[in-house]
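Produce the complete structure using the sequences and hints provided.
Just so you know, the protein sequences line up as chains S and L, in that order.
Residue 148 in my numbering sits at position 148 of the first sequence, and the numbers go up by one each step.
Residue 59 in my numbering sits at position 59 of the second sequence, and the numbers go up by one each step.
Since the hints were derived computationally from the structure, they do not count as laboratory data.
Please read these numbers as outputs of a predicted model, since none were measured by experiment.
Virtual Cβ for every residue (Gly too), placed ideally from N, Cα, C.
Among these hints, one or two may not hold up.
[To be verified] One-sided excerpt, in silico: chain S residues whose CB lies under 8 Å from chain L:
hint, residue
1, Asp134
2, Ser137
3, Gly138
4, Glu140
5, Met141
6, Met142
7, Ala143
8, Val144
9, Ser194
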Amino acid sequence: MFNGALRGLRAIALEVLYNLRGFFGTFGAGQLFFLQILVNLPYALARPRLVVKQVYVAGVQSLVVIMLAGLFVGMVLALQAHNTLSRFGAEDTIGMVAALGLVRELGPVVTALLFAGRAGTALSSEIGLMRATDQLSGMEMMAVDPIKRVVGPRFLGGVIAVPILTVIFSAMGILGAWLEGVVILGVDEGVFWSQMQAQVELREDVMSGVIKSVFFGVAASLLAVFEGYNCVPTAEGVGRATTRAVVHTSLTVLVLNFMLTAWLLGGN
Amino acid sequence: MDSPGETAAATPGDGGEAGRTAGAAGGCPGTDNIISVRDLCYARGQAKIFDGLDIDIRRGGVTAIMGPSGTGKTTLLRLMTGQERPDRGQVLFDGQDVTKMKRRELFRMRKRVGMLFQNGALLTDINVYENVAFPLREHTRLPERLIRHIVFTKLQAVGLRGAWKLMPAELSGGMARRVALARAIVMDPEIIYYDEPFVGLDPISMGVVVRLIRRMNDVLGLTSIVVTHDVDEVSTIADCSFLLSDGRVAASGTPDALRDHHSDTVVQFMSGMADGPVPFHYPAPDYAEQLRSMRGG
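Written out as structure tokens, the structure reads:
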């Protein structure tokens, strides 16, 4: 029995080691891939039409999802804040609470998660399908580097789109909070806006959200294009790559959010 | 164009009697070779794909590379174009070793070649016109008027000038391959690689593609390498054929010479026999024994 337990532990240890090796291997490959994209970015910058198209695909086509999500997140935030703060007679501050929660935390994080689910999956599967249907090999055979022509513009499009979507998400959230707090729950409109104006700092609060969204945009776009570009060129491989892109992006965004929050609060 | 020789060669160990005469490597006549493959060895995992392969591709001709599925025909194209690296050996393109080229040199070499992929590999987010114009836009600074002229000339050559507005998803398999062919020749390459160009085509489309390959080769003065297992189609246009088997050239020569070949491998392939040196059954234990053991288990 003791031997059996030892064998089991050994198998678990080997599995963990194997996964760790895979993780560090992928992590290293991801960094090299990121470096390749950065080196080749001038190509994409010299062809703004390609980037604008990707901003449209990743950004504009995600607008409805982002706006709807922002509206309801803001409404829920106001409802919860009102429910708690009214016990202390501080329900007038829900505008400030909702705005701070949105611009500092929920806006960047939820936008990045939604972006991963909507645009990130589209990026991964599109590039993965290009790999599976020899379009990337075809480009290489035409002496065109797919990292320059395909990956770079898509990455840049995502990096530009996420901060803009984050701002829109937060704005819609605040609108939702106003709708719930002022229109439905009857909080005084003047107090709602003045509290928000007095307590939300542009540099500390709004900018911290924007900084986070830039990091999240880089992470979400990088992981999406990386998984798509390196997928196994089969239907199953593309599916797996798409799933990995969402899962890895979600985890990365949450971990990054903690690190960035600690860094930004530490700086204050 | 040189007239194809009426000879066939058998490689050592092939067992054929038809090793009558041959070129330096592979057996097709001609001294002006644009591609020479020397002692090529390549393995994927434990499986040896090529084991000392030698092939010469004559400049200006249509060369067919044939063989049963899984013999590494497409892999050979990928090795010839530097998409994969061999374990050993050389692929000389106009005297330069492709296997040792860096990425920049490979891209320089690829500007001189065109490739037609099995599925066309058209970019699905742009239309036919933009697909054909793609290499021109990437590698030249030609004015739009000239690009339009070149693109329509190439589309006219493949009979699809009227389809310039269509998206790849709106094309049939044969049309997609013709558009891909127009794209492959738009930079006026010296050599075109065709990877299974006849797969999945109806007889009309197949006939069109077969004739286009020959016509393009002759009119534009190209060298064409056609990887296929469609013996009948390629025999009508090839100047020289290589039959791959077991990681080597089993036989080479003109299509007629291959038909007269006496090697078991060649006879099985050319006449489409189900069983022979290439077995019908995947290696398996004795069936009766397997049934007995299943009953026992």
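- [ ] If any of the earlier hints don't hold here, list their numbers in rising order.
- [x] Structure breaks hint 9 only.
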